[in-house]
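2 protein chains.
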Amino acid sequence: MTMASKTGKVINLGLIGFGTIGTGVVKLLRENGELIERRAGAKLHLRKIADLDIEKSRNVFVEKDCLTTHAEEILQDPDIDIVIELIGGYEPARAFLNEAARQKKHIVTANKALLAAHGDEIFQIVAKEGVQIGFEASVGGTIPIVRTLREAMVGDRIKSIYGIVNGTANYILSKMTDEGRSFAEVLQEAQSLGFAEADPSFDIEGVDTSHKLAITLALAYGQRVQLKGLYTEGISQVSQQDVVFARELGYRIKLLAIAISRGEQVEARIHPTMIPLDDLLANVNGNFNAFHIIGEASGSVFLYGQGAGMMPTASAVISDIVDIAKEILKDPLKRSSGYFASNVHSRDLPLLPMADVFTNYYFRFTAVDRPGVLSKISGILAENNISIASVIQKGRKESGAVPVVMTTYKSCERDVQEALVRIDNLDVVLDRTIRIRIEDKKL
Amino acid sequence: MTMASKTGKVINLGLIGFGTIGTGVVKLLRENGELIERRAGAKLHLRKIADLDIEKSRNVFVEKDCLTTHAEEILQDPDIDIVIELIGGYEPARAFLNEAARQKKHIVTANKALLAAHGDEIFQIVAKEGVQIGFEASVGGTIPIVRTLREAMVGDRIKSIYGIVNGTANYILSKMTDEGRSFAEVLQEAQSLGFAEADPSFDIEGVDTSHKLAITLALAYGQRVQLKGLYTEGISQVSQQDVVFARELGYRIKLLAIAISRGEQVEARIHPTMIPLDDLLANVNGNFNAFHIIGEASGSVFLYGQGAGMMPTASAVISDIVDIAKEILKDPLKRSSGYFASNVHSRDLPLLPMADVFTNYYFRFTAVDRPGVLSKISGILAENNISIASVIQKGRKESGAVPVVMTTYKSCERDVQEALVRIDNLDVVLDRTIRIRIEDKKL
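Going down the list, the protein sequences come from chains V and P.
Everything in the first sequence is counted per my numbering, starting at -8 for the first residue and increasing by one.
Everything in the second sequence is counted per my numbering, starting at -8 for the first residue and increasing by one.
In isolation and in its complexed conformation, chain V is listed as follows (with noise of 0.2 angstroms):
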């Protein structure tokens, strides 16, 4: 790129990963250069890039010399102020960063699986250095998620945040709740279109989202960003049948990842949830993203916005780079403190235990349709402590199975565990009962 500069201050950067992402923030850095320019008071000119595979055409502009196969080449270049690493995964970005901080280079990354399982040594290594780290792209793409538990929140105490975090479920649910199709079958085309891959495990069984998770439970409590403890639960088991009976009930099935402050602990989960059709959260459909934070002073605040994609996820990384690059302009040389120095503290998230979670459940046993069948489970119920809701028995069969589904109101999930184990032992209960969660402020 060439260096002509009206404001006759420079920001040089380093890419390191020319994928998707990268390139959309070269498109970006060269489609809105003056723009940039004019609101960050500083030409962001970049310097080099960094890919394995520098051959590769990719529909952007960049000069011959610019590219490089040797990230070294980034990180080792005096002139380079802020790298950007959108390679992905563990390593060796994560050796990259290190490196970077150690070089006393500000970083900016969309790396969600690297900062949930290594957050807490990046950050730190990232305060020693005295360099920034910006992360907004991490998670929920380009809603400001980042800014507004950092920043917007800061006076505020953090009550409960729901997020639907994961566009590829999400977009999996919206299409089994529309279209009325099965799992297998829209998780099939969902990777015809290329919107899930190969392996889904990551997006469907709620990897993905439990690594948000992570990252927004260390900006919105304070602490040590951890993986571990974290209550998983994918949607491949949700079936056409509980889409349906939620429908009846009023409900929606969503991914959502969950975070509620219950005194000194925090109460934080991932799994698929029925919630009201009038939700904010169940009007969130195809791949979007969204989160719910409900803040003691400021109440419901909701954000809404593409959580993935090149170009979204490429505005958020230059957000990040034009805040760094203001910062390096007012100071060049007393570099600030740490991103997260004055947020975060090395110390662990009070979890509180799965086990003593209070939330509504739905349940669906297949029993066999027969006299006394109700009374049997819900005197299980009754047994432990679990108080019904309602109750949906629809019209016998001539014979086998029928399903009843029932709803409760709030209820332990211990108590929950042991009453479906001995409910499932129960020679007129056919099959496993399903269980999901259910958030619903009037039950």
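Keep in mind that a hint or two might mislead.
Copies of the same chain look alike in the list, so a pair counts if it works inside one copy or between any two.
[Unchecked claim] With a Cα cut of at most 25 angstroms, we get these calculated BS3-like pairs of lysine-lysine:
id, residue 1, residue 2
1, LYS18, LYS150
2, LYS119, LYS0
3, LYS95, LYS119
4, LYS385, LYS367
5, LYS18, LYS55
Since the hints were derived computationally from the structure, they do not count as laboratory data.
Given the coordinates of chain V, assemble chain P onto it according to the supplied hints.
Showing chain P alone in chain V's frame:
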């Protein structure tokens, strides 16, 4: 307040205006003081509060010697770093802010009326004196609209913004829609509940909405804050009959602030608008506010929250105080350039004249029930290049007037105005035609 500080660093605050929001700010500083100190890296010490009435009980503890009736005591206090202006209105707020900047004090304000009318002058003084101004609370309350436009979308071009930014107007329209009641009845109820002012024109005639749109436009398009030329139409003419027809057509009526980039110009207007029921904004009810921003790279970004109220607004005020406190801590001597300096130019926003706007329309004609009326009306529309998308004409009455409802494809405001003058002059048309604009991507 006591001066005990864990961080050993103190930022001194002076509050001018101890009304509802001011009391909320004092409460938050008191109740969340430790949390805020940990996050800000310094204690925020409220050194002085100025208000004309310092005797009134406010349900929050404040030391007597902290209170004064003279704002000058804050403005001239060399130890005060940040002045928080929460008196509202034009004067003396304007004089106080200008004096604060001249005394090299940073400023936080929630005063949208002042910024909309005199923002340009204030931002220039602030830039000249090298102090910062925070005004997140002036638009959208807890919604981080300033941060989103200035920071999160800094690398993107804003295609359009649709906002519901006045809680009172939205409360009235929501009640009219959900409860089938008249404008006058709901307004009266809102007044008796304290949700609407005795003189409600500021809220219901779109004045407050125009202030917030003026500030939003400056943020999105980097231009001078200007109120002049913003087409503004309130909700006082919205009738229950139109609410019902809207529903029949699949719409809800909302008071929208609209900004759309049109090449070198910007289209900006405020008026009651029919929007599809499945639009995110159609589900923003009661006194909530929301923005739907569409960026070229980011796509749809939707933000929702409490636009007013004591604690939500106070939380937004604190967010600005902490941002500025962090800046002061980094660089206490050389203060940074004005908050807006790199973003806003003293250039007028090139507004597209309202007559040149193309949009969709809903018309309700009040016509005599006689053959040939429909052909006369549709003839005039056709002569003015207005294409009809749908017609609703309900069963004939024995005598008198019948409503004829039409929606149109994209038409030019100038053509519509001309056509309506001609139609309203027809002797078969008995009353002034009702015109409500529609925002519907499917039309």
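Results of checking the hints against the structure:
Within a single copy, LYS18 and LYS150 get their C-alpha atoms only as close as 39 angstroms, which misses the 25 angstroms cut-off; across copies the closest is 18 angstroms, which meets it. Taking the closest pair of Cα atoms, LYS119 and LYS0 come within 25 angstroms of each other only across two copies (21 angstroms); inside a single copy the shortest separation is 27 angstroms, beyond that limit. In this assembly of identical chains, the alpha carbons of LYS95 and LYS119 lie at most 25 angstroms apart only when taken from the same copy (10 angstroms versus 33 angstroms across copies). Proximity of LYS385 to LYS367 under the C-alpha cut-off of 25 angstroms is restricted to the intra-copy arrangement: shortest distance 18 angstroms within a copy versus 57 angstroms between copies.
In this homomeric assembly, LYS18 and LYS55 come within 25 angstroms of each other (Cα to Cα) only inside a single copy, at 16 angstroms, whereas the closest approach across copies is 59 angstroms.
Checked against the numbered hints above, the structure violates none of them.
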